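> Each chain, letter by letter, is given below.
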Amino acid sequence: MSTTTYREAMRDALAAALRDDDRVFLMGEDVGAYGGCFGVSLGLFEEFGPERIRDTPLSEAAFVGAGIGAALGGMRPIVEIMTVNFSLLALDQIMNNAATLLHMSGGQCNVPIVIRMTTGAGRQLAAQHSHSLEGWYAHIPGLRIVTPATVDDARWMLQTALDDPDPVLLFEHGALYGAEGELTDDLGPVDLDRAAVRRSGTDVSLITYGGTLPTVLAAAEELAGRGIDAEVVDLRTLRPLDDEAILGSVARTHRAVVVDEGWRSGSISAEISARITEGVFYELDAPVGRVCSAEVPMPYARHLEIAALPSVDGILQAVEELGLRG
Amino acid sequence: MSPLDPAHGRHLLEQMLRVRRMEERCAELYTQSKIRGFLHLYVGEEAAATGVIEQLEPEDAVVATYREHGHALLKGTPMTAILAEMYGVAEGCSGGRGGSMHLFDMDHGVYGGNAIVGGGLPVAVGLALADQLAGRPRVTACFFGEGAVAEGEFHESMNLAALWDLPVLFCCENNLYAMGTALARSESETDIAAKAAAYEMPAWPVDAMDVVAVERAAARAVTAVRNGGGPHFLELRTYRFRAHSMFDPERYRDKAEVRTWRERDPIDLLERRLRDEGSLDDAGMAGIEERVASEVDAAVAFAEAGTPEPVETLGRHVTSEPTGGGVR
Chain U
1 MSTTTYREAM RDALAAALRD DDRVFLMGED VGAYGGCFGV SLGLFEEFGP
51 ERIRDTPLSE AAFVGAGIGA ALGGMRPIVE IMTVNFSLLA LDQIMNNAAT
101 LLHMSGGQCN VPIVIRMTTG AGRQLAAQHS HSLEGWYAHI PGLRIVTPAT
151 VDDARWMLQT ALDDPDPVLL FEHGALYGAE GELTDDLGPV DLDRAAVRRS
201 GTDVSLITYG GTLPTVLAAA EELAGRGIDA EVVDLRTLRP LDDEAILGSV
251 ARTHRAVVVD EGWRSGSISA EISARITEGV FYELDAPVGR VCSAEVPMPY
301 ARHLEIAALP SVDGILQAVE ELGLRG
Chain S
327 MSPLDPAHGR HLLEQMLRVR RMEERCAELY TQSKIRGFLH LYVGEEAAAT
377 GVIEQLEPED AVVATYREHG HALLKGTPMT AILAEMYGVA EGCSGGRGGS
427 MHLFDMDHGV YGGNAIVGGG LPVAVGLALA DQLAGRPRVT ACFFGEGAVA
477 EGEFHESMNL AALWDLPVLF CCENNLYAMG TALARSESET DIAAKAAAYE
527 MPAWPVDAMD VVAVERAAAR AVTAVRNGGG PHFLELRTYR FRAHSMFDPE
577 RYRDKAEVRT WRERDPIDLL ERRLRDEGSL DDAGMAGIEE RVASEVDAAV
627 AFAEAGTPEP VETLGRHVTS EPTGGGVR
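For the record, the sequence lines run as chains U and S.
No gaps in the numbering here: position 273 of the first sequence is 273 in our numbering, and each next residue is one more.
One rule links them: number in our numbering = place in the second sequence (from 1) + 326.
For the record, the hints were derived by calculation from the structure and aren't laboratory data.
Keep in mind that this is a model prediction, so the values were computed, not measured.
Idealized CB from N, CA, C, for every residue including glycine.
There are no misleading hints in this set.
Calculated from the model, a selection of chain U residues having no Cβ within reach of chain S, i.e. all distances over 12 Å:
no. : residue
1   : Ser2
2   : Ala17
3   : Asn85
4   : Gly122
5   : Thr184
6   : Arg199
7   : Arg226
8   : Ala251
9   : Ser265
10  : Arg275
11  : Val280
12  : Glu283
13  : Glu305
Taking beta-carbon pairs under 7 Å as the criterion, some of the chain S residues facing chain U (in silico):
no. : residue
14  : Ser420
15  : Gly421
16  : Arg423
17  : Phe430
18  : Gly452
19  : Ser483
The shape of chain S in the complex, shown without the other chains (with noise of 0.2 Å):
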């Protein structure tokens, strides 16, 4: 294994922890009420969608799911925006109208959080068709957990995109578990890069607690996919430490397989591997570490300060504004 650079490495280790500890504070937050509704907390898989993202061009697409605050945020989405969009307020990315599940940011080409499992897979795919016929060389990555393969959009998104070509990174963040089932209780086949791969379409496992496995890969299949290769698939081989939600109990898991789990923990597997090749020490961690917390401590601040949309705009973004001319 040849050594990181250590400046990109360092990089890596930085992305990952600004997902970790925004999330680490949006728990606090929650339990404070000052986050309400549904709040799916990314840590543990934070190496995925780093490592994939890595390697997008800032005008390339995502399409994300309900546990998507680290891809806004690494795609270009501000914390402070998507804090202030937990809060519910007019500064929030998406007006506050989505929230925690729904972060859209059209700047960074942020397509959303999509909350029906399977349903930003056909979006993804069209997202792809429109760059196909405009003549656009760029690519949609679109991530979904492993609960989506038992829906039947996305066994019609994987065929379409490959009988047409399209330029779309599928990204399966395989966490084990569809919520509380897990993977062996739900799919007759648990290998999930071979479903894909019937679909005629390049696929392969990745061990995703490795942010440095996940880039490699990302950066091969976004390469083919931006040069006319079609649809690629990453099954992206991840754990999520803590509950499904917050409301999870977490009665379909041993505490013991979690803990398992947290010995490869994405951040500290990158920060012990930088630390043995001499691009880390502790005066260069404490300053990672220190600049997160501030960018943190200012989102919130950011967020706290916000300004809640009046009620007497309730009616607007069902439909259009007009933008005068025509008939509408």
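Excised from the complex, chain U in its bound form (with noise of 0.2 Å):
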């Protein structure tokens, strides 16, 4: 065990994926020289040269796309596009390529290519580079959807999805950079397909994913002060997500709150209390609640960004509207 940052965490994945394949590649704007936009890769460029670590141009849907017909061409492309809102602009290639190739061809064109990207807020950036978008790319049948929470994910996820035959988009919260954390050495692939529980609890089910994990922990322990024993079950998957440890979690604590970073409205906040209430509905003592951000455009305002987003506050007002009083 030793102390990282998520973002240390993560360019040591990038740098073991380099090193351990020649087909691996990583491209983007300004990986390279200028070593990521979030510092991400910073001194891979050094190490791997101009060919491996690709600048590109401002060309979100031709260098995603790019990707995709190198993945088809035998590569194993790492992508990285700075914010989830930039790669708008590449939604196409994303959703009729990449999603769609497999099937659309019976079969024969898989696309083993990793698409990471930066979401969320909490950064004063407002409303073009703070959304939180995963939930609406986890619609999407033929894509999986990952969202490492902690260093260890953060080091141990990647090559797991550089081994997944088909796309996987990576997110990654831009307020989890800076973040330390406890790094397990030889922790090897990550399963994907696995929720995983981040605290134990028997009162109520706490369900988030993400940049909202931290939220989530701070609340729970405020929770455990006045006697509410919570569970925290990171999601870490968005799609396919693991039923089986959402709906085990719940009929365990036989209460649920979700909290996601997403607006609520057609949200994974809203599949995910869907799903609780088809699989687990006469487990319930309460209504299914959400904590999810405000309905706007994520303002620049501190104290406006501050009141958009789910809070510890915010989770412990949800949890005693499900009758739950320590």
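Hints in hand, dock the two standalone chains.
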């Protein structure tokens, strides 16, 4: 075990993949000479050179599509998109090609690409750099959507993603890059089909993923102080959802709050709530609660941004509304 | 103009006729509801794909559009598998999941009909990038219509291919209409080769009603691309004789214009030339037509005898099937 940051863990994962497999290369805007918009790939350009740490023009559709073509051609591209909002410029390639080619070709054209992007708010970057659209992408059959929330997952999820024969979208919450944590050495590839219980508890299941995991863990600590024992489920993968883990936890605790930085309407939190209702309705002691972002484009002003995002207080209130009082 | 090698000339004629007669039969089958969905015919444009693909090697790749029946056939996909795909049966080249617009055949380097205008260009760039990184001397021929030139993906792909010197041959089939919108009504600059040249890649227009001219241009371009000359661009000036799809009432163009272009039917042009040069006689022509007709008949019979995929397999090919071992 050693202490490291999420950013460094991700960089270690990239470097290890590049060292282990000649087919792997990293491509995106400012990944090379600049060192990555968020510093994730800092130093890789010097170690692996411009062929494998490939700076691209500001052409999201073309370089994501080129990644898809390179994957079809036998490579294992890792494509970085600066933020989830910019990925919309490549949506045609992600949806109409990456997610679709395998099916449309009757099983001939699998696309082993990993597309990484920054997601989420919290850095006062306003309404075109701060949204959480991973739930949107989780709507699409043919894609795997993963959301590493811990230093270990940042370090060890990438290899599993690269081993996947199909497209994997990896969402890195911008507020996590600087977060420090304990890194497990030689943990090895993470099973991306499985959610993780980050804190065991018996009174309520707090279900979340990605950037809101630290907020939810803080809320669970606060609840513990009030005599409420919360279980925290980190989904890790939004598609496919680990139904067994979600329903299993709720069947034990009989109460659930889903915490999602996406907007509430038509969100992944709505999907999870529906599955709980469909799967373990008679186990529930209260309606499923949800804590999501306010339905506004993300504002710039600090106090407004904070007000728009899921918070510890918001989670505590949602738990209270389930009829749980310490 | 020096005479064509007679055998090669007859081969080109037969290739174009295979595409023409197959598609004419498809139109009939469509009216009989054997083929459904959209059906976009290439009738009139056959010289473009024939001339280019003639210059490709079996391992070369083709990325095409939703008007790609001819491209797949010419690249080597059996006509049986193409017809079966349009019938939506398991024996189709895409297992019945693609249909007319999405013919795929990895065994012959056919990377699909892409039905998003411009959507195939970035993929072609990526295939070429993989070849460059792997040191393979493969050429990727990317076909698209002039309508794609209005898409951002066209410009992004031109730039990326030229910037990275990638082995792509861009083949713009300029049939003058993006569905029903005439080129001059959609582009401020209608000289498409000039647009490509602005990206610092060799680009020139070709009379694509003349298969020999297309083949000559393609020979030069394919050789250059294969030898590390970076991307090249052919503007293949052609014309679609039939409607955009089977639903198109053709309100946007004059019948007289269509008649004028039909006078330069690429098949008639080559047939006349071969006859003038003494390379083809009535018996030779009848022999070609007979061979093509029996290939089409056999393909239709194959499709008719096809087996529908069981509904139980509906969920297949959304994600890859496990091959065993390793973490998935």
